[in-house]
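Kindly generate the complete structure, drawing on both the sequences and the hints.
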Amino acid sequence: MVKIAQISCGTDYSGVQKEIEKAAATFGAEMIIPEADLDYIDEAYKKFGFNAASSGIRLMIARAMSVVEGKTKADAVFIATCFRCSEGALVRNEIRRFIQQNTRLPVVTYSFTERTKADELFIRMEALSTIVARRSLLAREKQEGLTIGIDSGSTTTKVVLMENNKIIGTGWLPTGDVIETANTGMDQAFEGTGYKLDDVDGVGVTGYGRLTIGHHMNAELIQEELSVNSKGAVFLAGHQKGEATVLDIGGMDNKVITVNDGIPDNFTMGGICAGASGRFLEMTARRLGVDITELGPLALKGNHEKAELNSYCIVFGIQDLVTSLAAGGRKEDVASAACFSVAEQVYEQQLQEIDVREPLIQVGGTSLIGGLVDAMSTILGGIDIIVPDYSQYIGAVGASLLVSGLGTKNRSKD
Amino acid sequence: MKIALFPPNSLILADLVERRGHEPLVIQKEIRKRVTDVEIDSPPLNITEEEPIKGLKYAAIEVPSGVRGRMAIFGPLIDEADAAIIMEDAPFGFGCIGCARTNELTMFCLRKRGIPLLELKYPTTRDETVEVVNKINTFLDSLEEKNG
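Heads up: the protein sequence lines correspond to chains A and B, in order. According to our numbering, the first sequence holds residues 1 to 414 in order. According to our numbering, the second sequence holds residues 415 to 562 in order.
Misleading hints may appear alongside valid ones.
No farther apart than 30 Å at their CA atoms in a straight line, the calculated lysine-lysine pairs in the DSS-like style are these [said to hold, decoys possible]:
| id | chain 1 | residue 1 | chain 2 | residue 2 |
| --- | --- | --- | --- | --- |
| 1 | B | Lys416 | A | Lys46 |
| 2 | A | Lys73 | B | Lys526 |
| 3 | B | Lys447 | A | Lys46 |
| 4 | B | Lys526 | A | Lys71 |
| 5 | A | Lys301 | B | Lys447 |
| 6 | B | Lys468 | A | Lys46 |
| 7 | B | Lys471 | A | Lys306 |
| 8 | A | Lys241 | B | Lys535 |
| 9 | A | Lys47 | B | Lys535 |
| 10 | B | Lys416 | A | Lys306 |
| 11 | B | Lys447 | A | Lys47 |
| 12 | A | Lys3 | A | Lys301 |
| 13 | A | Lys241 | A | Lys73 |
Hints listed in this document are in silico derivations from the structure and should not be mistaken for laboratory results.
What follows is the structure, encoded as structure tokens:
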């Protein structure tokens, strides 16, 4: 059983401890509380150098120290504090860095409210368990045989058919009924290849609809998108060795994952505000009367400083946009400002929680919006961002690649 | 050498550092740069909404803007320092940045830098005061020797 060390403050009084344990148990993991006696707490927080006023936070520091010093054996670490506790936020971040600098354990951080439920934690716990329990599978670098990967996202469904390490067919369409959409996506991917579903050796499914589709199709791999996407990203970018950061600004949530040799070791997920997502850009394109595919090139011709736009809230953001256009603002400048605002929010709300390692591989449908990639690079001080071919298909590619590691079986022979 | 101080606006500590031939890194100088900049108009300190964003380098978005705004000013001083002196439990009049969370983070960042560091408790008697001043002078002189 995967042991996840819980380093937290306030989960008991917030009434969410049970939810955390439930989320871990769902994915075959067990939460453990690191050992720390009274003397050790004093010794540990002084050694750490952060004189926290709250004794609960001091206990957190001691528990982190216990993991780092090997007094507690754990496979992964979950760090959590109450949402809006500033001391908690400060220490949460410093503890994360401390553990990452001194161990090779995968870490995830979270700030919870009394409304936090197990389902919000599922993807994080599943990813932590996968990184630990399926390390050899995640180390796979080459796709073999004929496999199909389905990424059933919140906005779009992507399908990729791969044969011997090459993409031979793709399908892409807006997500409606998840099963029907997946079937249509598969038809698109098979078109012109001469293959049909019975010919494939394995089906891998990821994304929001993974459980429904996976069980319906009896898929060989049903996997959360954090580990699958990072695998697909490093494969497509040709960067399977060494360190990298994968950034996926999605339709509903955003993911930032740091990887080492293709295996994720830290990640953050956000989805609090639609203003920092692809959805905002979709609405911007609609308001500007252009197709989403034209938004990127349009933004690249504009100057974000010439339009007042703030996407901190999707409603007010669109109001800003309308006001800018009414005041005679150019479409190009408004498009650029929309991209810049989304990039700025992703930077402020998510990239801060992770130590960005170069190269940054930007993926997902939004990576095709050139203006957004450009804005992200500017905000990060001009760093190089890789947008690989098929970047919008990374989840499907990752699923297709990973399922080929689960043994080959021709489905018609089942 | 450049010496970071805590509290970062302590005139007494700054004076002691200057007397030993070092450069005190104090926030007054940073604030002065801002308030004399005619380009910025955000009284009283000329801190704009940009500063809390710059402070993200030191504290995550969930940390209140006042902490991040302060860190946008103190953070670069911590990064620049060759050595540091921390005086804990000092009264307001000795120097104060008005925020307990910023105090915690500032001291933590100074300790994390791994530079020569002198940590002191605020003296409450005449004897303790003499001892503290001696400790500061010895520390500052030893830095000079190390520096050649």
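Each hint tested on the structure:
1. Simply put, Lys416(B) and Lys46(A) have alpha-carbon atoms about 26 Å apart, close enough for the 30 Å limit, and the pair holds.
2. Taken as a hint, the Lys73(A) and Lys526(B) pair is honoured in the structure, with Cα atoms around 26 Å apart against an allowance of 30 Å.
3. Taken as a hint, the Lys447(B) and Lys46(A) pair is broken in the structure, with Cα atoms around 36 Å apart against an allowance of 30 Å.
4. Taking the CA atoms of Lys526(B) and Lys71(A), the gap is near 23 Å; set against the 30 Å cutoff, the hint holds.
5. Our distance criterion of 30 Å between C-alpha atoms is broken by Lys301(A) and Lys447(B), whose separation comes to about 36 Å.
6. Restraint check for Lys468(B) and Lys46(A): the C-alpha separation of about 28 Å stays at or below 30 Å, so the hint holds.
7. Between Lys471(B) and Lys306(A) the CA atoms are separated by roughly 27 Å; this keeps the pair inside 30 Å, and the hint holds.
8. A C-alpha spacing of about 50 Å is found between Lys241(A) and Lys535(B), which places the hinted pair above 30 Å, so the restraint is violated.
9. A distance of roughly 17 Å separates the Cα atoms of Lys47(A) and Lys535(B); the hinted pair therefore holds under the 30 Å criterion.
10. Between Lys416(B) and Lys306(A) the CA atoms are separated by roughly 41 Å; this puts the pair beyond 30 Å, and the hint is violated.
11. A threshold of 30 Å between alpha carbons decides the hint, and for Lys447(B) with Lys47(A) the separation of about 36 Å lies outside it, so the pair is violated.
12. For the hint pairing Lys3(A) with Lys301(A), the CA-to-CA distance comes to about 51 Å; that exceeds 30 Å, so the pair is violated.
13. Annotation: proposed proximity of Lys241(A) to Lys73(A) holds, straight-line Cα distance about 28 Å (limit 30 Å).
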